[in-house]
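Our numbering runs 9 ahead of the 1-based position in the sequence shown.
Not one of these hints is a red herring.
No farther apart than 27 angstroms at their CA atoms in a straight line, the calculated lysine-lysine pairs in the DSSO-like style are these:
hint	residue 1	residue 2
1	K338	K297
2	K345	K84
3	K337	K16
4	K16	K338
Honestly, the hints are just simulated from the structure, not real lab data. These figures come from a predicted structure and were not determined experimentally.
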Amino acid sequence: MSIENSKLKLSILDFVHIYNDSDAAKSLQNVTEMVQLAEELGYSRYWFAEHHNTTNLMSTSPDMLSMHAAAHTKKIRVGSGGVMLPNHSPLKVMENFTLLEGLYPGRVDLGIGRASGTDGQTMLALLRSRELLGANDFPKQLDDLLSFFNRSFKSTHPFSHINPPGDKSMVPDLYMLGSSEGGLHFALDKGLGFVFAAQLAPQLAVPMLRAYKNEFKPSSYLSEPKSMVAIMVIAAETEEEAAFIAGPAELMWAQMSTGKTNFTFPSPTEAENHVYTLAEESARERNKARFVIGSAENVAEKLYQMAKASLVDEIIIADFYPNQESRKKGHQLLAKQFGLI
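Please model the complete structure; the sequences and the hints are all you need to start from.
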């Protein structure tokens, strides 16, 4: 089946990696170059993850990175994949994304996550409250966030007299992120878009996304279901080149799976020369389903089959290329393969 005729859209999720031969400032400069290239290549949206206390990632503030990306482009959608709501005040999230939507109308997405994306001590530093650290109040946080956007608090609610600037027209497109049935539940309950992180739970991607499509009911946010699947993708001109380029990401994920944290992004040569421990090799095998690796032609076919199985019309690529050169080339090859350019 022709990939060019599949109408499958591609997007990018940027973690703002600090590569082993680079530094934090350069990784931020890479963002500007990549989002402009993504727009030129015909990608639909460019999102930023949220992570804290991770020395090899600069994606701490998806709202600020989205502002920067929007300012340096003209039409590509930008946003969060996602804002980890447990780390934040719902009012502040609403205010920030209202500003974004007001400045760049029709181009902003707010992807919402249920996890903190960090460790307990870092979450404490973010929240400044041990009481909040122990709270499991995401449902209330989500209700508050949506009520702020909709100006729909009941008169008896303690927040009903808070009047944020702007109006209900300045609301970004809203997506619930998930890697389990929990995220699906909130997306269906609120009638939001849904993005499944297949890189975290590949075996659940198809059943969760099919359930979302089949069980969705129209809401004030969406008249019909809107879903995407996220997956780590490494594409190159040949299978051999792709395997070499994917080595650092596979090694990183194998080491993360065995408990290692805060290490630098290895180079492809370092990954190729690494002697895997038995535990790492076992983790590497288990992690294979988290990736789609290969020639652009083979990757495109695999992505199309994944989209068809999960009933989505958009793939968001979790970007784990090992350097700026390989990621630019990989995204260019896929854009050509899918007929985006």
